[in-house]
Amino acid sequence: MFFPSFQRAMPVSSKNNAQQKATSVRDLVSAAQAGDMKAFGELYSRFSRMVHGALLARVPAADAEDLVQEVFLSALRKLKAIKDPAAFGGWIFTIARNRAMDFYREREDSVEVSENHGHQQPRSQAALVAAAVLEVIQKLPEAYRETLAMRLVEGMTGPEIAERTGLTPGSVRVNLHRGMELLRQALGKEASQ
Amino acid sequence: MNDDYLWDRGGDPDPELRHLENALAPLRLKESTPDFAELKRASNMSRLRSSLRPDFGTALALVVCVGLAVWFITSLHQVTTNWEAQATAGSPTLGGRILVRGRVAPGTWLTTDRMSTAQIQSKNVGEVQVGADSMVSLAESSSEQQLLLLRYGNIHATVFSPPGLFVVDTPSAKAIDLGCEYTLRIDRDGRGELKVSSGWVSLNGDSQSLVPAGAMARIAPGKALSPPYFVDATPAFQQAAGEFAFMSTDSPQRGPALQTILHDARQRDALTLLNLFSRAQENERLLIFDKLNQLVPAPAGITRETARNWQLNSMDAWWPVVQHALGLGEIKKGKTNPGQ
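Protein chains in written order, with the working numbering: chain A, 3 to 195; chain B, 14 to 353.
Hints may contain errors.
Straight line, CA to CA, 20 Å or less: simulated SDA-like cross-link-like pairs of lysine to any residue [claimed, not checked]:
#1 B:K43 x A:A128
#2 B:K43 x B:G23
#3 A:K40 x B:P234
#4 B:K43 x A:S47
#5 A:K40 x B:A233
#6 A:K191 x B:L30
#7 B:K43 x A:P62
#8 A:K82 x B:A50
#9 A:K85 x A:G168
#10 A:K80 x A:A64
#11 B:K208 x B:L341
#12 A:K80 x B:A50
#13 B:K43 x A:V61
#14 A:K40 x B:K187
#15 B:K304 x B:R267
#16 A:K40 x B:V334
#17 B:K136 x B:G103
#18 B:K43 x A:L75
#19 B:K136 x B:S174
#20 B:K187 x B:S220
#21 A:K82 x A:A36
#22 B:K236 x B:Q252
#23 B:K43 x A:A133
#24 A:K40 x B:G203
#25 B:K43 x A:K191
#26 B:K43 x A:K80
#27 A:K40 x B:K43
#28 B:K43 x A:A64
#29 A:K40 x B:G108
#30 A:K40 x B:G218
No lab work stands behind these hints: they were computed from the structure.
Could you put the whole structure together from the sequences, leaning on the hints where they help?
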């Protein structure tokens, strides 16, 4: 089942628009709670990049996509527990953060499937550069690396990040601005080393 | 730094930000929506299995009973539920961890990137080569069904279990093995194709295409399927047959595509024509009937009027005639509707 891709440039300036979107998310969550999987697919379309960004801020890129699916599956199972359907974004954002922490706990507890832990896959130059920049982002303070991953990797705008995560636009703006300053400094240090 | 661009991409693009965006683009989430109904079902099965952990006192008795039952059932059905995966190139992942060799648990995703491939196999079902840039999961493994989910990518399956047991589900179509070997590709946007090397495959979407050895069918997003067509048909025939079913009824390309199909059709392509009735309008059905009747004469009872007033199954009697004329192998499982 495929749905239209997420629209990037979403105006959020008017109160009416914001209210319509909140209503829409509420309706989608209510429909999904009643078993409408198409509605849940639409929620995935709207929030998956935010969840992916939140995960990329913490876990290896190779694992993030699988974890996105796990986060949404987990959300699907717990969906009936949401008291305020309009707060779906903040709720699944928290699930994503918790799943990222569990990811490392599980790694400590479990045995690798791989028989060769040092086995490295060959990667393209672009993939190596992307991984190197992400590694620098992942060393930034939590609030900054999440918003930067959503903005720089997922291509979300500040207003979108605020709307999806439930954070205030002011917080997101500050996080983006300070995060970029720190990232620039960190990349400068990396380059000079 | 351009703050407007950082905030909402307003103003002039900031070169430094653009550079970072481009550098990080390979990590962006691929845009496709999983089939959550299927995933939830697979996941619940996996959870159910993992929750069945009795204490040690009952475990021994359960192990003996379950062991005997499993031995009895598998000896009856000759179907094992053990799928094993191994990397065949690069570093695919199984359940998010790098795979070298491991057992495939239902609900766990096996993922390959552009540099890696893998193989999964089950002793009594078959082997599946998982191509690069693919994502597959075992949704069900029972004596009733071996269900593999192919979210995107390509697989080559060599199946030796009883026909109808091994099924591959994708976001756009379901491939049911009818004693065969085949390659199935599905892109992230839901487009794909099936090529059969031996036996038959029933490809089910919003319609059904029974695809024999030497033939293929195309898959479009939204579960639309092309009719099967042989890969040794003329390139123009293949292209027209592959696209005709996806054209809207008022498409200006539809008439020329059908003309190409009718012009280039050999007797061997009667299979394609027979499958076109369900995808054609009344005037098109009459043209298809005339050509098909030249290539493989219709059996008694099927006339132009049958084509004009076509309904599901109304061409069923023509199917075995075409099958015999083309020397096509037997379809091993009969729960399909060849006249569609």
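Hints and how they fare:
no.: 1; hint: B:K43 x A:A128; in the structure: 16 Å, holds
no.: 2; hint: B:K43 x B:G23; in the structure: 25 Å, violated
no.: 3; hint: A:K40 x B:P234; in the structure: 15 Å, holds
no.: 4; hint: B:K43 x A:S47; in the structure: 11 Å, holds
no.: 5; hint: A:K40 x B:A233; in the structure: 19 Å, holds
no.: 6; hint: A:K191 x B:L30; in the structure: 18 Å, holds
no.: 7; hint: B:K43 x A:P62; in the structure: 16 Å, holds
no.: 8; hint: A:K82 x B:A50; in the structure: 16 Å, holds
no.: 9; hint: A:K85 x A:G168; in the structure: 15 Å, holds
no.: 10; hint: A:K80 x A:A64; in the structure: 26 Å, violated
no.: 11; hint: B:K208 x B:L341; in the structure: 16 Å, holds
no.: 12; hint: A:K80 x B:A50; in the structure: 14 Å, holds
no.: 13; hint: B:K43 x A:V61; in the structure: 17 Å, holds
no.: 14; hint: A:K40 x B:K187; in the structure: 19 Å, holds
no.: 15; hint: B:K304 x B:R267; in the structure: 17 Å, holds
no.: 16; hint: A:K40 x B:V334; in the structure: 42 Å, violated
no.: 17; hint: B:K136 x B:G103; in the structure: 24 Å, violated
no.: 18; hint: B:K43 x A:L75; in the structure: 17 Å, holds
no.: 19; hint: B:K136 x B:S174; in the structure: 9 Å, holds
no.: 20; hint: B:K187 x B:S220; in the structure: 11 Å, holds
no.: 21; hint: A:K82 x A:A36; in the structure: 9 Å, holds
no.: 22; hint: B:K236 x B:Q252; in the structure: 19 Å, holds
no.: 23; hint: B:K43 x A:A133; in the structure: 17 Å, holds
no.: 24; hint: A:K40 x B:G203; in the structure: 16 Å, holds
no.: 25; hint: B:K43 x A:K191; in the structure: 31 Å, violated
no.: 26; hint: B:K43 x A:K80; in the structure: 25 Å, violated
no.: 27; hint: A:K40 x B:K43; in the structure: 19 Å, holds
no.: 28; hint: B:K43 x A:A64; in the structure: 12 Å, holds
no.: 29; hint: A:K40 x B:G108; in the structure: 26 Å, violated
no.: 30; hint: A:K40 x B:G218; in the structure: 18 Å, holds
The structure shown violates the earlier hints numbered 2, 10, 16, 17, 25, 26 and 29.
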